[in-house]
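Build out the structure end to end from the sequences listed, making use of the hints.
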Amino acid sequence: MFLSNKASKLRVKEAENARRNRQEIVKALADGQITRRELFKWGLFTVGGLLVWKHGLNPFVRSAYADSNIPTGLPRSPLFGVQAFTQPMPRFDVLPRNPNPFTFLTPAPTKEANTTQQLLNPALEGVTPGDTGPIEGRPPGPIWAHQKFDTMPPQIAVEVSTEGAKINTVYNPGVPSSLNSGINPATPFPPRFHPDLPDQGPNALWTFNGTLPPKLLVGKYGEGILFRHRNKLPFDIRQNGGFGIHTLSTHEHNGHHGAENDGFTGAFFYPGQFYDYHYPIVLAGLNSINTGATEARAGSPNGSGGITKVPGDWKETMSTHWFHDHMFSFTAQNVYKGDAGMFNIYSALDRGNEAINDGVNLRLPSGTAKDFGNLDYDVNLMLADKAWDANGQLAFDIFDTESGFVADVMTVNLVYRPFFEVERRKYRFRILNGAVSRFFKISLSDASPMIQIANDGNLLPSPVTITQTDELGIAERYDIVIDFSRYSVGQTVTMVNLLAHEDGKLPSSTLSLSEALNGSSSDPCVGKFLEFRIVRDPAQPDVSQVPAVMIPNPDLSAIPVARTRTFKFGDGANQTTNDPVTSFRGPWGIGTDGGDKLDADFGRISAAPRFGTREIWNLVNDGGGWDHPVHLRPDGSVQITMQFRDFGGMFMEHCHNTLHEDNAMLLRWEIDDGGTPFLRPLPTPIPTPQGVRFQAPTQLNNI
Numbered sequence: 244m245f246l247s248n249k250a251s252k253l254r255v256k257e258a259e260n261a262r263r264n265r266q267e268i269v270k271a272l273a274d275g276q277i278t279r280r281e282l283f284k285w286g287l288f289t290v291g292g293l294l295v296w297k298h299g300l301n302p303f304v305r306s307a308y309a310d311s312n313i314p315t316g317l318p319r320s321p322l323f324g325v326q327a328f329t330q331p332m333p334r335f336d337v338l339p340r341n342p343n344p345f346t347f348l349t350p351a352p353t354k355e356a357n358t359t360q361q362l363l364n365p366a367l368e369g370v371t372p373g374d375t376g377p378i379e380g381r382p383p384g385p386i387w388a389h390q391k392f393d394t395m396p397p398q399i400a401v402e403v404s405t406e407g408a409k410i411n412t413v414y415n416p417g418v419p420s421s422l423n424s425g426i427n428p429a430t431p432f433p434p435r436f437h438p439d440l441p442d443q444g445p446n447a448l449w450t451f452n453g454t455l456p457p458k459l460l461v462g463k464y465g466e467g468i469l470f471r472h473r474n475k476l477p478f479d480i481r482q483n484g485g486f487g488i489h490t491l492s493t494h495e496h497n498g499h500h501g502a503e504n505d506g507f508t509g510a511f512f513y514p515g516q517f518y519d520y521h522y523p524i525v526l527a528g529l530n531s532i533n534t535g536a537t538e539a540r541a542g543s544p545n546g547s548g549g550i551t552k553v554p555g556d557w558k559e560t561m562s563t564h565w566f567h568d569h570m571f572s573f574t575a576q577n578v579y580k581g582d583a584g585m586f587n588i589y590s591a592l593d594r595g596n597e598a599i600n601d602g603v604n605l606r607l608p609s610g611t612a613k614d615f616g617n618l619d620y621d622v623n624l625m626l627a628d629k630a631w632d633a634n635g636q637l638a639f640d641i642f643d644t645e646s647g648f649v650a651d652v653m654t655v656n657l658v659y660r661p662f663f664e665v666e667r668r669k670y671r672f673r674i675l676n677g678a679v680s681r682f683f684k685i686s687l688s689d690a691s692p693m694i695q696i697a698n699d700g701n702l703l704p705s706p707v708t709i710t711q712t713d714e715l716g717i718a719e720r721y722d723i724v725i726d727f728s729r730y731s732v733g734q735t736v737t738m739v740n741l742l743a744h745e746d747g748k749l750p751s752s753t754l755s756l757s758e759a760l761n762g763s764s765s766d767p768c769v770g771k772f773l774e775f776r777i778v779r780d781p782a783q784p785d786v787s788q789v790p791a792v793m794i795p796n797p798d799l800s801a802i803p804v805a806r807t808r809t810f811k812f813g814d815g816a817n818q819t820t821n822d823p824v825t826s827f828r829g830p831w832g833i834g835t836d837g838g839d840k841l842d843a844d845f846g847r848i849s850a851a852p853r854f855g856t857r858e859i860w861n862l863v864n865d866g867g868g869w870d871h872p873v874h875l876r877p878d879g880s881v882q883i884t885m886q887f888r889d890f891g892g893m894f895m896e897h898c899h900n901t902l903h904e905d906n907a908m909l910l911r912w913e914i915d916d917g918g919t920p921f922l923r924p925l926p927t928p929i930p931t932p933q934g935v936r937f938q939a940p941t942q943l944n945n946i
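Each residue of the sequence shown is one higher than the one before, counting from 244 in our numbering.
Just so you know, these hints were derived from the structure itself, not from any lab.
30 Å max Cα-Cα, derived DSS-like pairs, lysine-lysine:
#1 K252 to K771
#2 K840 to K270
#3 K475 to K270
#4 K558 to K684
Estimated spans, in silico, between C-beta atoms of each pair:
#5 G425 to A612: 15 to 25 Å
#6 R481 to T708: 45 to 55 Å
#7 A536 to P350: 27 to 37 Å
#8 T371 to N264: 28 to 38 Å
Each residue gets a CB set at the ideal place from its N, CA and C atoms; glycine is no exception.
Pasting the structure below:
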């Protein structure tokens, strides 16, 4: 797929021209100059979503400058002479936690959306001079009011913005330089993937607060967060560096809260607006299990070494989340552009203090200086493949709407193949697959063991010793522990990716460790990607533990099953609606309970479980040779069971290959009988700069 570094200049130029043509299509789509329907009409895409078989456009068409059937291919991202493992890996940038949101934030947060009017910038689409609109983009009224806002008001304020790339002058890694590979946080941090690579332009890279490294949100159970997200992207939709869109909807992935705070794909907001998200950080079942808050394992650090007990099921305790943009049909582009961060949640069980020995705290690798949330030996890693153009600016590509997009440069925490200095002791690594279509499979270069302790935010019932991870799907998280005490000072060991891609459909092969290390793979993202340098003995004795028993799975067996549903993910979908805002025509879709697979429409309800009930959902990959990380292999299926409790509203189900999600593999489901503010069905929000209007949804039969 990617050209060899030894490819001729003619072949490189041919591939660059073809990519430039594809990128003009991406930009025209993002700018609203054309629609996907027009691309089908003009013959640039087939009805199946494939890029037309045309030289100078499709990277898989035979090259004019190569023998046999060798394809045009993709040009490699220029590295400008940069070598791997020549820069330190920065830890995440910890977001400030500010007490008392109601006095810290201006304007003060409100239960219902703040509809105070402001003058709109006429560069916004559909705006004429003199128009006004609300300062908050959250849909107005009681249906989108913050649930449990009165009984569980937020105690911490976190204010962020999404904006174009700029220098970071307030970097806070949460640890001293000695624990951050010598990086001085007082030194301005430029928006570069490497010190010797070009600065990213303000429209090439869009991140939280416009800066690198990625941001880390820190919270604990029982202490709600008001997350105010300001949209500071360009008012002109065309100022996007060729891809991405300036409207946003922020999804706190795996969060347990109301739908109004879940980043619903159709509840997006515009430049110049903010959206207040209320994350109460509560245990599931708080209204039905341990309601008197008498169980110590259902608890939170109290600030002085003790535990504040909270209601809910302690077996539902979560630890490693992430948050990212969820804009309808543009999730992949906006996330790829940098709009993603991670969220560490602390509890009585997973306290982030390895020294407190109270019979509840699992004492996982972290540190000891603070009551909770020590990051000394607890490290977030965001893996993502990136590509950039001949000028070194981040670039997005399309091959077709079916496969997805894989790039050729491995990054960790948005820097190119870094090193990280460690002590001779245990470390916890919270690993997130932040790619849009690429899967990873991780090993250490000497095949030494790692211990997996968590998956997708949930600590496992027991730790598992592994020499390589399972396939890490898009948006999936693995928490692993590596014990560096087995190495001597001065030694190095690297993380290695064993999984090769030929396109974005699914991994093409799993390589042996020796194959991944010998450089023979045609996939540039196979092989070493993060080097650990063992630099010293630990400053203090390592008192961390990896206990044999952690958190058992919740038991729902005593709750009767109200309904069983089946969702089939696949291609060949139909579109039964044509709303210009809520619907999208693409090759992918989801079929419900034996019905036809349907394209995405966030104005259509496909399921409406009743509040408080338990259901079984069968998720089925309908074949075709694609991976759909929900998490399904080709022709595979998985059965899950859930109880719908505590919160209501409209939610989404989708494939997390975000190119598939953006190309119609998404559906809406809702819990619409959770209380008096709810209607049945819930009206669909239609955001505009002048305000949100509502329209009646369509719905499948027998939802």
